Amino acid sequence: MASSAATIAGARPHGRASFVKRVLSGDSLSQAVAFVCAMMILVVTAALVFELWTQSALSRHKFGFHFLANSTWDPVAENFGALPFIYGTVVTSMLALLIAVPLGVGAAIFLAELAPPKLSDGMTFLIELLAAVPSVIIGLIGFLVLVPMLNVVVPSIKDLLGDHAPFFFSGAFYGVSILSAGVVLSIMIAPYIISVSREVLLAVPKDLREAALALGATRWETTWQVVVPYARRGIMGSIFLAMARALGETMAVTMVVGNVPKLTGSLLSAGDSMASVIASQFTEAAGGVYLSSLIEVGLVLFGITIILNGAARLLILATTEKGAK
Amino acid sequence: MKRFTTALIALAMVAIGAAGQALINGGGATFPYPMYSKWFNEYKAKKGVAINYQSQGSGFGVQQITAGTIDFGASDYALTDDQLKEFQSKRGMAVLEFPTVLGADVPAYNLKGVTAPLNFTGEALAGIFLGKITKWNDPELVKANPGVNLPKTDIVVVHRSENSGTTFIWVDYLCKVSKEWEMKVGRGAGVNWPVGLAGKGNEAVAGQVEQTANSLGYIELTYAIQNKIPYGKVKNADGEFVQASLASVTAAAAGAAKNMPDDFRVSITNAPGKGVYPISSFTWLLVPEKIADPAKKKAITDFLTWMLKDGQTMTEALSFAQLPKEVVAKEVKAIAKIK
Amino acid sequence: MKLSFRRKAVNAVMLASTGVCTVIAVGLLFFVLGYLFVQGGFSLNWDFFTKLPTPVGEMGGGMANALLGSAKVLLIATCLGVPIGFLAGVYLAEYASGAFASVIRFVTDLLNGIPSIVIGIFVYTVIVARSGFSTYSGGIALGIMMIPIALRSTEEFLRSVPGSLREGAMALGATKSRTIATVVVPAAIRGLISGMMLNLARVSGETAPLLFTAFGNQFWSPGWTQPTATLPAVIYAYAVSPYPDWHRQAWAAGFVLLTLVLIINITARTIVASGSSHKSR
Chain A
1 MASSAATIAG ARPHGRASFV KRVLSGDSLS QAVAFVCAMM ILVVTAALVF
51 ELWTQSALSR HKFGFHFLAN STWDPVAENF GALPFIYGTV VTSMLALLIA
101 VPLGVGAAIF LAELAPPKLS DGMTFLIELL AAVPSVIIGL IGFLVLVPML
151 NVVVPSIKDL LGDHAPFFFS GAFYGVSILS AGVVLSIMIA PYIISVSREV
201 LLAVPKDLRE AALALGATRW ETTWQVVVPY ARRGIMGSIF LAMARALGET
251 MAVTMVVGNV PKLTGSLLSA GDSMASVIAS QFTEAAGGVY LSSLIEVGLV
301 LFGITIILNG AARLLILATT EKGAK
Chain B
326 MKRFTTALIA LAMVAIGAAG QALINGGGAT FPYPMYSKWF NEYKAKKGVA
376 INYQSQGSGF GVQQITAGTI DFGASDYALT DDQLKEFQSK RGMAVLEFPT
426 VLGADVPAYN LKGVTAPLNF TGEALAGIFL GKITKWNDPE LVKANPGVNL
476 PKTDIVVVHR SENSGTTFIW VDYLCKVSKE WEMKVGRGAG VNWPVGLAGK
526 GNEAVAGQVE QTANSLGYIE LTYAIQNKIP YGKVKNADGE FVQASLASVT
576 AAAAGAAKNM PDDFRVSITN APGKGVYPIS SFTWLLVPEK IADPAKKKAI
626 TDFLTWMLKD GQTMTEALSF AQLPKEVVAK EVKAIAKIK
Chain C
665 MKLSFRRKAV NAVMLASTGV CTVIAVGLLF FVLGYLFVQG GFSLNWDFFT
715 KLPTPVGEMG GGMANALLGS AKVLLIATCL GVPIGFLAGV YLAEYASGAF
765 ASVIRFVTDL LNGIPSIVIG IFVYTVIVAR SGFSTYSGGI ALGIMMIPIA
815 LRSTEEFLRS VPGSLREGAM ALGATKSRTI ATVVVPAAIR GLISGMMLNL
865 ARVSGETAPL LFTAFGNQFW SPGWTQPTAT LPAVIYAYAV SPYPDWHRQA
915 WAAGFVLLTL VLIINITART IVASGSSHKS R
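Protein chains in written order, with this note's numbering: chain A, 1 to 325; chain B, 326 to 664; chain C, 665 to 945.
What the hints contain is simulated information worked out from the structure, not anything from laboratory work. Treat the hints with care, since some could be wrong.
[What the hints assert, rightly or not] Not the full set, but computed from the structure, chain A residues with beta-carbon under 8 Å of chain C:
no., residue
1, His61
2, Ile141
3, Ser170
4, Met251
5, Ile295
All values derive from a computational prediction rather than experimental measurement. Don't be surprised by glycine CBs; every beta carbon is placed ideally from N, CA and C.
I would like the entire structure built from these sequences, with the hints used as guidance.
In structure tokens:
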């Protein structure tokens, strides 16, 4: 149903007759429909923030900012504080990064600098598949395989350390713990670090490498002292991205973390995370302050993920723009 | 591509077409889950009515029936006055509670080399869960178990992570036998546990006890039996060490049966009497007073009638005790209250 | 200039360790796959795909209802998330410009970064609290999760279509919408389909939002307004239970789910890869 008059891109007929024609030809209609869909994203997100804000009003008014510093979670006394969960989320994510960053950056270096292209592509493909494994399956393996393994390994390590065990490696270990959650999370975030870091490393201009090698640097020195620093921002971006993923992770964590809303200094004790406590207590929190507190935990989690995601995007953007110059 | 779309549409039709059968949705207590799961399967096979029950904990049952997202709830503790008021204000009507079976919370443990059931006094259990008694060879436990070689390992306490009727029964008992517990922790479906690991649902606590050496957790009797987890005897109000069983749980309800209030809200923990197991309890189905959908109303009232007759014959196979006859008679009359 | 031994040694050791890191990373995938296969593959039997669950504590039974339930929930999610994300992506790629487009992109990234459990809370308070647990509320929750990725991938692949194609069509007299529908989208179709498949694979494993919306069901779920069992939710429930038979079924279900997710992933990537070496239709 194309209009018979030839239209040059950009130039449009005006007037009422052409308006009807345009509507009939579906052009404005389809643009309107697409526009509405784009707006829906704004609406849904706004609605989400609104719901989180209003449903948490009860606890926000009762506890104020003290909610973030309170380490008690007592449904009977109706005294709720998010600190154990903020602590759990942050510590498990940190632990996950501690494991995944050296592993991931190391693997990315290998894949970008050393491996022949076909091998690199193939292995990256496989590693990216690991990112596709659903959280509940990692949790399944974590709970039924990893935790029993740790139950054997950790006591041996503790025996070895004896009295010299640091405070964060003290206390009884029963499998489900902050440590287990951290290990499980590291499996989930490593692929992101590897994938993105490899991309930014590959984007580093060849001349830099060649110049360093020409000056007599070894392969490793070139990589570590020239290439990686150049790609530093992108790698940091990938780390932020991985961290944002780790913070929001629910199922794998809730299956291995122990679900105890307490704050202790040891990695070996059971704990809880923000996403995990919501998953386990939400549907039965008797309305009122209890439910409102859980939703407020969701609000805090939401806030933290926004900040981190924003930082991640900025960093990756900065590197890719720099690389493109 | 075309065939794919047609296949999708066919699937959709089938899925919608299956809308024929009646489906009632309920959820709640994990305590009686083995019984309910068996009942609802049998009921579906015999009467063709599907009653979907998800075990998520008594807290879920109470909260969601109050919110109206499910057709009936299930809870191991009778609703408090506050909860009844909340239901009334939220839903504009009352909620009826129907006891279904009798069960027991048992102290299940994982202790290598100990075969005979251990004896626990109420104070000992309170001390363990308060974190004051930390080792298996604590003097209190040794005193109650002469001749048993208790190791000097730490006791790993396991409790529930969420609101739970099983928890309520347990802490209700602890409040009655230990002033310290009542003061420090109190009574509730979810409490601020001084020590211990947590699991979601009876299932997870049982799983945790099974997997963790030297652990002690409280679970419903059936879970201990089905998973062959050893469980101990508890000292009752008359001073005897009694192990949970059909007989001892039935004995616990005997006194309450005679004086059952009209709304069926009773606690039978620490009941006096010989051979009584002190951590026993009824468990209830929570049904709104008025059910708008006539098909749903009929399904629920029919099920309740079936449950009180045929259903009761199936309880013992799963280690739940039947309701006392007086209670059954009273309930049959109460079904008529559902409008 | 001869390299000192120390520098050579450091070089060799560090490069070797990066190789070790890679082997570990790749090995993790094979460990996960292998374990699921060994534990779950052998537990798969015909019953698993055709039977309903048996009562608690009894052996046997299957997950037929969870398989169908997942399919239904994902169908709703796709019908909701893909069109909205696609059309919004079209808008950003073809119509919008400047500040408005940046705002949409920013908010989309926001939505994408929201943990799935928070989306579950949202759908619960807005829908479930009013009309009960249902298949469609689960579908809506997953659909919301699909929108940002659908938008991003649509925009990316549409932008990759050269402008000359568009100008050519409009010079021939086609309206903008016609151009998009008949020229631009077909040119990008491989990427678009691949993106949708990856999107689907990602949400098919999501469990958290389903806990508050689709609920669960030990029987068949009729229609769309009743609660339903879904594969990830059942895996979760069975995994943390004490029954060995349920563990066995959880492994089997995990194997089925992972196989499906990986097949979709690999297919999606192959579509894009082959598209770059063939001429587009």
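Here is how each hint holds up against the structure:
1. His61: Hint on A:His61: violated, closest Cβ of chain C at ~18 Å, above 8 Å.
2. Ile141: Result: holds, 6 Å to nearest chain C Cβ.
3. Ser170: 27 Å, violated
4. Met251: 5 Å, holds
5. Ile295: 6 Å, holds
In summary, the structure is inconsistent with hints 1, 3 from the numbered list given earlier, while agreeing with the others.
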